[in-house]
Amino acid sequence: MKYKSVFDIIGPVMIGPSSSHTAGAARIGRVARSLFGREPKWARISFYESFAKTYKGHGTDVAIVGGLLDFDTFDERIIEALNIAKEKGISVTFIEESANAEHPNTARITIGDDQGEMELVGISIGGGKIEITELNGFHLRLSGHHPAILVVHDDRHGAIAAVSNILSGHEINIGHMEVSRKEKGKMALMTIEVDQNISEEILEEIRRLPNITQVARVVD
Amino acid sequence: MFRNVAELVEMAESQNKKISDIMIEQEMGVTNRSREEVLGQMDKNLTVMEEAVERGLKGVSSHSGLTGGDAVLLQKYIEKGNFLSGEIILDAVSKAVATNEVNAAMGTICATPTAGSAGVVPGTLFAVKRVLNPTREQMVKFLFTSGAFGFVVANNASISGAAGGCQAEVGSASGMAAAAIVEMAGGTPSQCAEAMAITLKNMLGLVCDPVAGLVEVPCVKRNAMGASNAMIAADMALAGIKSRIPCDEVIDAMFKIGQRMPSALRETAEGGLAATPTGRMLEAKIFGIAPANRD
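Taken in sequence, the protein lines are chains U and S.
The first sequence maps to residues 1 to 220 in this note's numbering.
The second sequence maps to residues 1 to 295 in this note's numbering.
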């Protein structure tokens, strides 16, 4: 079941006018910000289908940039997000894509600074609920509603068990987990949604494991 | 965990509980929180709804100028006393409109189940409050009952206009509200399901065709009609009228209609009212004047 909580239905509390095109967009932007781990210097945002046709009317552009600035769905600064980004010197480009997408409300966000860049695809499935479907070319499903960690690792036996052992040692319960890889034996990505927030110490422990390349945290 | 309306009603009736209790217990289990925490979060959402209605009844205007002020007009009309339909219905309509006018003005609202359909549930709640005199907890429970039915629709069909048209948004909201009114008025869980079915049947096929892609025209007035639809269906169900087609099958029909709806009628502003000469003229006027502000 896609919707698990009654507050997915009665909620979110948000700035109007659209739960999918405004609140959902803000959430996609905020997950991107959280995964990037810092404020980006530039952002390139592609809108598909309904997002592409109606983003101006729904304030999707304002909201997604609000999310990149780490504003929540009910943060009134969302309304001024484009101006705030400008003042901070963040360059933002919007692209209206004509191609079809897997879902009618799809956005592809590429953000970066002088240290690196990141690409993410998010879909807004209704009522403010979102899913992240792609990260740097990896396919995944991330609801953004639970704390989660993303672990980039080499596709070797034991890598997954080692990570889950560390979590279990800290009594962290895994709610949802999936693994995807681009090619057998090469780079792979673990997406782990958990019930509790994960401390920096635990992340450090995971980073020290063999075959682990990168660990990022998405806090609820 | 209930997967459809039949299971929800069965759980409530076999345990001699209300729909809202089943939803509250499920939420406690899923999120591992206490009853107080779960009720507390919903109480906060109720406060947001009250504040939005209050703000809308004072009069707001959207940035485009397309909507605003109708809630105030309707309240003044009710005060004069020579209305034709009914005071509680018109009160529900004005409060639904108030909420959506605030939403269109980029104000703070609580999505129920979406922002574009956020007026129906609070509009009807605050109107029936005047005749049923509920406690604060009963008002909070109204939202759980609505949420339970919305939960089934969201998981078995859709609550997204881009995926299923307006029937998935205002249609769902109206069905949710009708069911919650029935529970608050003392109806049985199966009467709640009848009310939901009767309401949604009358919203089937409703397309999502917002002028200029804005959640304003016709969204605000669709919330008005959604609220009145919910009120009438609730009264019908309380009178003992049943839907010949079971609620779950109506939800499934809604889903399938949504899948067959062309993309032009699913929140792309390419068909329906958005594509009328006036719709296009308004679009050009709104984005033609100051597109630089948006780009």
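Take the hints with a grain of salt, since some may be wrong.
Stated by the list, open to error - Calculated cross-link-like contacts (lysine-lysine; reagent style DSS-like; alpha-carbon spacing at most 27 angstroms): (1) U:Lys2 to S:Lys18; (2) U:Lys2 to S:Lys256; (3) S:Lys58 to S:Lys221; (4) U:Lys2 to S:Lys285; (5) S:Lys17 to U:Lys2.
Keep in mind the hints are simulated off the structure, nothing from the lab.
How the hints compare with the structure:
no.	hint	in the structure
1	U:Lys2 to S:Lys18	24 angstroms, holds
2	U:Lys2 to S:Lys256	18 angstroms, holds
3	S:Lys58 to S:Lys221	18 angstroms, holds
4	U:Lys2 to S:Lys285	39 angstroms, violated
5	S:Lys17 to U:Lys2	26 angstroms, holds
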